[in-house]
Amino acid sequence: MATQSQKAFFNQLKKYYSFYTGGFVAFVVLLAIAEKLGLPRVWIGYIFLFATIGLYAGIGIMSRTADIAEYYVAGRRVPALFNGMATGADWMSAASFIGMAGGLYLQGYDGLAFIMGWTGGYVLVALFLAPYLRKFGQFTIPDFLGARYGGNIPRFIGVFAAILCSFTYVVAQIYGVGVITSRFTGVEFGVGVFLGLAGILVCSFLGGMRAVTWTQVAQYIILIIAYMIPVVALSMKHTGVPVPQIVYGTVLEKLDKRTVELQKDAKELEVRNIFKDRGAKLNEQVKGLPASFEEQKAAVAKKLDDLKAANAPANEIKAAEKAIADFPKSVDEARAKWTAGARGDTARAAAPFIHSEPFFGATEQVRDNKRKNFLALIFCLMVGTAALPHILMRYYTTPSVDEARKSVFWSLFFIFLLYFTAPALAVLVKYEVYTNLVGTKFADLPAWVASWQKVDPSLLNIRDVNGDGIVQLAEIVIGQDIIVLATPEIAGLPYVISGLVAAGGLAAALSTADGLLLTIANALSHDVYYKMIDPHASTQRRVTISKILLLGVALVAAYVTSLKPGDILFLVGAAFSLAAAAFFPALVLGVFWKRATKWGAIAGMVLGLGITMYYMYTRYPFFGVNAPLWWDIAPISSGLWGVPLGIITIIVVSLLTPQPSREMQELVEHVRYPHLRGDIDTQGT
Amino acid sequence: MAIQLTAKHQEYWSKNLTITAILLVIWFVVTFVIGYFAVELNNIRFFGWPLPFYMGAQGSLIIYVLIIWYYARYMNRLDKQYDVAEGDE
Chain A
154 MATQSQKAFF NQLKKYYSFY TGGFVAFVVL LAIAEKLGLP RVWIGYIFLF ATIGLYAGIG
214 IMSRTADIAE YYVAGRRVPA LFNGMATGAD WMSAASFIGM AGGLYLQGYD GLAFIMGWTG
274 GYVLVALFLA PYLRKFGQFT IPDFLGARYG GNIPRFIGVF AAILCSFTYV VAQIYGVGVI
334 TSRFTGVEFG VGVFLGLAGI LVCSFLGGMR AVTWTQVAQY IILIIAYMIP VVALSMKHTG
394 VPVPQIVYGT VLEKLDKRTV ELQKDAKELE VRNIFKDRGA KLNEQVKGLP ASFEEQKAAV
454 AKKLDDLKAA NAPANEIKAA EKAIADFPKS VDEARAKWTA GARGDTARAA APFIHSEPFF
514 GATEQVRDNK RKNFLALIFC LMVGTAALPH ILMRYYTTPS VDEARKSVFW SLFFIFLLYF
574 TAPALAVLVK YEVYTNLVGT KFADLPAWVA SWQKVDPSLL NIRDVNGDGI VQLAEIVIGQ
634 DIIVLATPEI AGLPYVISGL VAAGGLAAAL STADGLLLTI ANALSHDVYY KMIDPHASTQ
694 RRVTISKILL LGVALVAAYV TSLKPGDILF LVGAAFSLAA AAFFPALVLG VFWKRATKWG
754 AIAGMVLGLG ITMYYMYTRY PFFGVNAPLW WDIAPISSGL WGVPLGIITI IVVSLLTPQP
814 SREMQELVEH VRYPHLRGDI DTQGT
Chain B
32 MAIQLTAKHQ EYWSKNLTIT AILLVIWFVV TFVIGYFAVE LNNIRFFGWP LPFYMGAQGS
92 LIIYVLIIWY YARYMNRLDK QYDVAEGDE
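Protein sequences appear in the order of chains A and B. For reference, each letter of the first sequence is one residue, going 154 to 838 in our numbering. For reference, each letter of the second sequence is one residue, going 32 to 120 in our numbering.
In short, the hints are calculated from the structure, not lab data. Take these hints with a grain of salt, some might be off.
Which stretches of chain B does chain A cover? Using the computed rule of at least three CB atoms under 8 Å from a CB of chain A, they are [unchecked claim]:
(1) 40 to 47
(2) 52 to 65
(3) 90 to 100
(4) 104 to 111
Residues from chain B that face chain A, not an exhaustive set, calculated with beta carbons under 7 Å [stated by the list, open to error]:
(5) Phe68
(6) Pro81
(7) Gly87
In silico EDC-like pairs for lysine to aspartate or glutamate, Cα to Cα no more than 16 Å straight-line [what the hints assert, rightly or not]:
(8) A:Lys420 with A:Glu585
(9) B:Lys39 with B:Asp114
(10) A:Lys390 with A:Glu585
(11) A:Lys607 with A:Glu642
(12) B:Lys39 with A:Glu822
(13) A:Lys523 with B:Asp114
(14) A:Lys429 with A:Glu414
(15) A:Lys456 with A:Glu469
(16) B:Lys111 with A:Asp479
Please read all numbers here as calculations on a predicted model, not as lab measurements. Glycine included, every Cβ here is placed at the ideal spot set by N, Cα and C.
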């Protein structure tokens, strides 16, 4: 009976989402026609923004609920395929959608750590966690820690860690929403943030996990369409084949050959030498401080006087005046500014690297360091993936253990579609830049270069450094976000597709933000309020408290975002190491080792998380401690210390403490078998 | 009624552990072993791609998807075979 209705439900969903996809495609086609008929660009931006946010809000309103199982776990009836899509959208953030291809462009082979790390982690989810968590079947990840190890301490550490790794992550998503909306519609950043927030809240506030799930499926469909269209078009342009993932190997080969040419090109060398000299000069100035401060100040002033005396053109005088205005105010400021400038110039003096070559570097030691960090980063991203609460939570929503296993497959399949396309996109765009853009006359730069240079010089900046009127590779500075954003224009597609890409980026950011906010709010309302403060609260009250907390957390996150905390966004990468160290050892040993005890888990989580946080705090330049690295491992991979320490601690302390109670061991048996006779029931209601 | 585990249940669990270990070894090799020897393997070509780049950008990912697909299929069959599958509830 249940299977029958589940099947009907699945077919119904399939019908709805097919109609929806068709409707969305028709909507884009209509807009394209409207563009041909003269619809202004800014309108296209607005239409995409309001249509998609309105759509998500609509799904949210239709899925509104006050039922506790619906609110927390979407009624546990989300079919594997749809849970896979929802997980895909939940997983892929603004950074995956917009930044990843750009990161690959800039880093070549070494950037693939993100591609492997963010997909291979699902193998761990499938083998170690998803089926067992589904069998356990409560509402949150701290729930499992609380039940398996007993008492409020493991649960509380879980809540703390869940909030710690979700909060900066959600700030980064809301930040992404603000950037995308302000860039494509011209509204102010703050307005963009609150518009996006409205979209997130209408959805999750009214319907919790249920609304978020069905919205995420819709968002996945938009984001994958938006990602594919420009890449396919670009692939057609360069290879004549519309399946970039299969054919870009030949483009990569040509790109590597072209890079070797550019490494030796005389004009390129000329430009690189100019940067080398500039860097050397700045380094001299830094060494000469504090005396050089006054010397340079005088030199800048003298230049203006000379120009004025010689009756130089107005723009040169203006530039000299600007140099005086921008001159550092103090010796310390000069030191910081010149050191940074020297570093930048020296970096630009480096020859381009071969895209496909692993761990490029001048010396054996540099290469060895890169390899070590490459593998360490993959490890942390993978284990972190298998420990992020907002992802693991999704496997509570499937109807059965069997569906949970299949659902991990669908999750990775849908994520894979985007992740195996990103390296292709990076290679295609890089080839375009290296062959078509390099060598163009400054007088006839393509339109997309001019327009993006105007939007944001940090995204794209080309200056004729050696004054020969021709673009050299060393004269191009490219920001990572532009790769995805400018692809439609590079491929010669209409502006509608640029709007679509923006809508895709927005969908990626909103869907991830939804999942994260829900995780934080649920940890507070379910684990802290219901489980620790008031275990007798009625279900009605629990849902109400959840909704109030969700609103509160969202407002705090939006407020933090509106301060534009650009300098804390690096912490997003840190979330993976934190989650890995806090959750992975305790969750996995909890299922696979009956002997793991409460105090073992507590000690393991505290020490694992502790050493990870300590390493980050003392090594990230942001905090200003800058202690020497251990074994040259970058702070983003601090989970490399936390995860093993957590595992060892749990084992040692567990063996030193009395073995877990009969009840606890039965719980472990219970989660290991999808169905047992005489089984206990842990499912939360 | 307490949970009653029979020898058959133990066998189910040890089969689960075996397949988990095998798949984990495959996962480890395509990720870390190939990653570690990337420089040495860089001269091998695979349809135009250098092998390590291909694996990092596509090959390993396909293997991850297949690992998860196979595990789901294997375990869902094992559940039925050992009579621990969930019925219609």
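Cross-check of the supplied hints:
no., hint, result
1, 40 to 47, "holds (count 4)"
2, 52 to 65, "holds (count 5)"
3, 90 to 100, "holds (count 8)"
4, 104 to 111, "holds (count 3)"
5, Phe68, "violated (9 Å)"
6, Pro81, "holds (5 Å)"
7, Gly87, "holds (3 Å)"
8, A:Lys420 with A:Glu585, "violated (19 Å)"
9, B:Lys39 with B:Asp114, "holds (9 Å)"
10, A:Lys390 with A:Glu585, "holds (10 Å)"
11, A:Lys607 with A:Glu642, "holds (15 Å)"
12, B:Lys39 with A:Glu822, "holds (14 Å)"
13, A:Lys523 with B:Asp114, "violated (50 Å)"
14, A:Lys429 with A:Glu414, "violated (20 Å)"
15, A:Lys456 with A:Glu469, "holds (10 Å)"
16, B:Lys111 with A:Asp479, "violated (74 Å)"
Taken one by one, the earlier hints fail for this structure at numbers 5, 8, 13, 14 and 16, listed in ascending order.
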